[in-house]
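This is what each chain is made of:
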Amino acid sequence: MTIEPGMIWIVLCVVSGGLLASLGAHLLPVGGEPAAMGTATGIATGTVMIMMGAVMTGLFTASTVSTFSNNIWLISLSGAVGATIMIDVVMLMANILYAFGCGVVPISGRVAVDPITKAPQTPFKTPQTDGHGVPDVVFISGTLGGFAGGFGGALMYFALLAYAHFSYGTAAIAAVSIFVANAILAAYNIRGTTEGLYDPKFKRLPKALAASLAVSVLAAIVVVLATIALGEV
Amino acid sequence: MAVTPAVEEEVTAPKKRLSFKFPLAETELGLIAGIIAALITIFTGLPAVIKAVGMLLAFVWCTDSVRKTSKYGLGTGVPSIGVMAAGYGIVGALMGLAFARYGNVGQFFPGVLIGVLFMGGIGLVSGYFGNNEKYIAMKIPRLERAMGELGMAGTLAILLECSIVTGSLRFDAVVTQVMNTGVIAFMFILSGMAMFHPYNACLGPDERRERTLMVSIEISGLISIILGFTMVVLGTSPLGLWDPIALIVFGFIVWFVFYRRYIRACMKECYATVGTGLIKTIG
Numbered sequence: 001m002t003i004e005p006g007m008i009w010i011v012l013c014v015v016s017g018g019l020l021a022s023l024g025a026h027l028l029p030v031g032g033e034p035a036a037m038g039t040a041t042g043i044a045t046g047t048v049m050i051m052m053g054a055v056m057t058g059l060f061t062a063s064t065v066s067t068f069s070n071n072i073w074l075i076s077l078s079g080a081v082g083a084t085i086m087i088d089v090v091m092l093m094a095n096i097l098y099a100f101g102c103g104v105v106p107i108s109g110r111v112a113v114d115p116i117t118k119a120p121q122t123p124f125k126t127p128q129t130d131g132h133g134v135p136d137v138v139f140i141s142g143t144l145g146g147f148a149g150g151f152g153g154a155l156m157y158f159a160l161l162a163y164a165h166f167s168y169g170t171a172a173i174a175a176v177s178i179f180v181a182n183a184i185l186a187a188y189n190i191r192g193t194t195e196g197l198y199d200p201k202f203k204r205l206p207k208a209l210a211a212s213l214a215v216s217v218l219a220a221i222v223v224v225l226a227t228i229a230l231g232e233v
Numbered sequence: 001m002a003v004t005p006a007v008e009e010e011v012t013a014p015k016k017r018l019s020f021k022f023p024l025a026e027t028e029l030g031l032i033a034g035i036i037a038a039l040i041t042i043f044t045g046l047p048a049v050i051k052a053v054g055m056l057l058a059f060v061w062c063t064d065s066v067r068k069t070s071k072y073g074l075g076t077g078v079p080s081i082g083v084m085a086a087g088y089g090i091v092g093a094l095m096g097l098a099f100a101r102y103g104n105v106g107q108f109f110p111g112v113l114i115g116v117l118f119m120g121g122i123g124l125v126s127g128y129f130g131n132n133e134k135y136i137a138m139k140i141p142r143l144e145r146a147m148g149e150l151g152m153a154g155t156l157a158i159l160l161e162c163s164i165v166t167g168s169l170r171f172d173a174v175v176t177q178v179m180n181t182g183v184i185a186f187m188f189i190l191s192g193m194a195m196f197h198p199y200n201a202c203l204g205p206d207e208r209r210e211r212t213l214m215v216s217i218e219i220s221g222l223i224s225i226i227l228g229f230t231m232v233v234l235g236t237s238p239l240g241l242w243d244p245i246a247l248i249v250f251g252f253i254v255w256f257v258f259y260r261r262y263i264r265a266c267m268k269e270c271y272a273t274v275g276t277g278l279i280k281t282i283g
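Chains A and B supply the protein sequences, listed in that same order. Residue numbering for the first sequence follows the working numbering, starting at 1 and increasing by one per position. Residue numbering for the second sequence follows the working numbering, starting at 1 and increasing by one per position.
There could be a bad hint or two in this list.
[Unchecked claim] Covered by chain B, according to a simulated footprint, are these stretches of chain A (three or more residues, beta-carbon under 8 Å):
#: 1; stretch: 186-192
#: 2; stretch: 214-223
[Unchecked claim] Ranges of calculated distance between the beta carbons of each label pair, as one might list FRET restraints:
#: 3; chain 1: A; residue 1: L92; chain 2: B; residue 2: C270; range: 38 to 44 Å
#: 4; chain 1: B; residue 1: V274; chain 2: A; residue 2: A112; range: 42 to 48 Å
#: 5; chain 1: A; residue 1: A36; chain 2: B; residue 2: Y271; range: 24 to 30 Å
#: 6; chain 1: A; residue 1: A112; chain 2: B; residue 2: I189; range: 37 to 43 Å
#: 7; chain 1: B; residue 1: L31; chain 2: A; residue 2: I228; range: 28 to 34 Å
#: 8; chain 1: A; residue 1: Y168; chain 2: B; residue 2: V233; range: 36 to 42 Å
#: 9; chain 1: B; residue 1: L31; chain 2: A; residue 2: M37; range: 42 to 48 Å
#: 10; chain 1: A; residue 1: I116; chain 2: B; residue 2: A137; range: 31 to 37 Å
#: 11; chain 1: A; residue 1: W73; chain 2: B; residue 2: V105; range: 44 to 50 Å
[Unchecked claim] No farther apart than 25 Å at their CA atoms in a straight line, the calculated lysine-lysine pairs in the DSS-like style are these:
#: 12; chain 1: A; residue 1: K201; chain 2: B; residue 2: K134
#: 13; chain 1: A; residue 1: K201; chain 2: A; residue 2: K125
#: 14; chain 1: B; residue 1: K134; chain 2: A; residue 2: K203
#: 15; chain 1: B; residue 1: K134; chain 2: B; residue 2: K68
#: 16; chain 1: B; residue 1: K268; chain 2: A; residue 2: K201
Derived from the structure by calculation, the hints contain no laboratory data. For every residue, glycine included, the Cβ atom is placed at its ideal position computed from N, Cα and C.
Taking the hints into account, I'd like the entire structure generated from these sequences.
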């Protein structure tokens with residue numbers, strides 16, 4: 001048995017996809033149950049649901065592009081764009097609901113002054129809450145997270161499709177499965193709510209990246225072994 | 001953020017409970033369910049109803065693992081660990097299917113168990129990283145073992161579902177009939193549902209193991225009904241039309257019996273109920 005360059009590409013793509021999944025999960029605005037009551041920043045559900053929704057949309061766009069293109073960058077970027085659009089629409093709709101339904105303004109609970117627009121945050125925050133909605137700083141962080149996650153998912157999809165020679169459906173579902181395992185390890189690292197880039201919990205990122213690296217290397221080995229077992233017909 | 005309070009193991013019952021008791025402890029249940037499910041997985045010539053029994057046992061094992069992990073509080077809600085188990089299951093099933101032709105004699109596929117064992121290993125590694133102080137530090141007792149069990153049980157469940165739909169475990173057959181038709185998508189989410197929904201629905205200070213496991217069996221019945229209709233529509237059963245019809249009837253009986261039992265147990269063990277009429281009349 002010889003080690004072919006395709007196998008090295010599978011390992012590289014799956015590992016970088018897993019690391020990007022972990023990074024993306026840390027950047028998303030996860031609100032959880034407190035956000036459902038309007039007492040915390042972010043989207044009112046868990047990390048896994050947000051990340052899975054985004055990456056599935058990314059895989060739809062990536063698989064559409066992969067029917068007429070073989071370019072790794074084109075496919076990965078189309079996945080990233082699909083995931084970004086999905087997460088942005090969700091954040092925008094969350095803001096509309098919070099503003100016109102609950103009557104609270106999008107305000108960050110972690111920073112006193114918005115680092116990007118310099119808008120003051122603390123005077124508008126309801127006392128004893130942790131912020132509301134999806135303010136500018138969190139919106140940008142979430143967009144980055146969706147981009148990273150979608151790029152990672154589409155990269156894994158491309159590796160499984162082009163180098164492991166799986167069919168479209170098999171490659172997509174395997175990419176989602178490996179992605180979900182990495183995103184959930186990141187979610188356990190976050191524990192509940194996060195605001196993304198400016199949250200103190202973002203400093204815990206290296207720990208999740210180490211765990212994610214180990215799991216994605218093993219998952220890549222699984223894919224490579226499966227490819228070898230299937231290739232020897 | 002669903003933080004569940006730590007629940008004492010098997011609190012003594014002050015009230016009179018229903019007579020349904022699950023006789024096995026956690027380790028025994030895991031061993032017995034795992035061995036039976038693995039045996040049913042490798043003999044793919046069996047009728048779909050027997051495979052559905054194996055799937056049911058795998059889901060019960062998985063629910064038990066989810067239950068003993070999640071009662072310490074995961075921080076992100078119970079569904080995450082069920083979706084993770086389903087994801088591990090799909091990766092392990094792919095690996096097992098790729099190795100299926102090693103040692104294959106007729107309808108006997110011992111090679112698929114390589115995927116099950118490998119996924120157990122990946123589960124152990126992710127449990128180690130999840131629990132270790134230097135990494136994610138979840139501090140859940142026996143997380144490593146529970147994650148390994150989740151990987152193995154999830155893989156067995158997905159393999160059995162593929163085996164029910166295609167009637168064999170050949171990679172090409174599974175790819176054309178399960179993956180390319182999109183059946184795998186509902187397998188993924190419904191298997192996750194059978195693993196996380198029971199504890200997610202029943203969690204709380206008065207949670208009881210037997211009652212939680214009943215929900216898992218009930219969802220397995222629903223999955224059997226859907227898989228039976230899939231077999232009828234795809235026409236993939238090697239044993240003729242009676243095979244999917246028997247599976248649908250089996251699924252309906254399992255669902256009806258355990259749904260009734262579950263509602264009865266809930267009505268009996270709760271402090272008081274204010275019924276809207278619908279469920280109370282069924283119970």
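Results for each hint:
1. 186-192: Since 6 is at least three, the answer is holds.
2. 214-223: holds (count 6)
3. A/L92 with B/C270: 38 to 44 Å: 42 Å, holds
4. B/V274 with A/A112: 42 to 48 Å: Given a distance of about 47 Å, which is inside 42 to 48 Å, the answer is holds.
5. A/A36 with B/Y271: 24 to 30 Å: 26 Å, holds
6. A/A112 with B/I189: 37 to 43 Å: At 42 Å between Cβs, range holds.
7. B/L31 with A/I228: 28 to 34 Å: 32 Å, holds
8. A/Y168 with B/V233: 36 to 42 Å: Since A/Y168 and B/V233 have Cβ atoms about 21 Å apart, the given range 36 to 42 Å is violated.
9. B/L31 with A/M37: 42 to 48 Å: 44 Å, holds
10. A/I116 with B/A137: 31 to 37 Å: 32 Å, holds
11. A/W73 with B/V105: 44 to 50 Å: At roughly 46 Å between Cβ atoms, B/V105 and A/W73 fall inside 44 to 50 Å, so the hint holds.
12. A/K201 with B/K134: 15 Å, holds
13. A/K201 with A/K125: Holds: A/K201 and A/K125 sit about 21 Å apart, inside 25 Å.
14. B/K134 with A/K203: 14 Å, holds
15. B/K134 with B/K68: 23 Å, holds
16. B/K268 with A/K201: Not OK: B/K268 and A/K201 at ~44 Å, beyond 25 Å, violated.
Hints 8 and 16, counting from the list given before, are not met by this structure.
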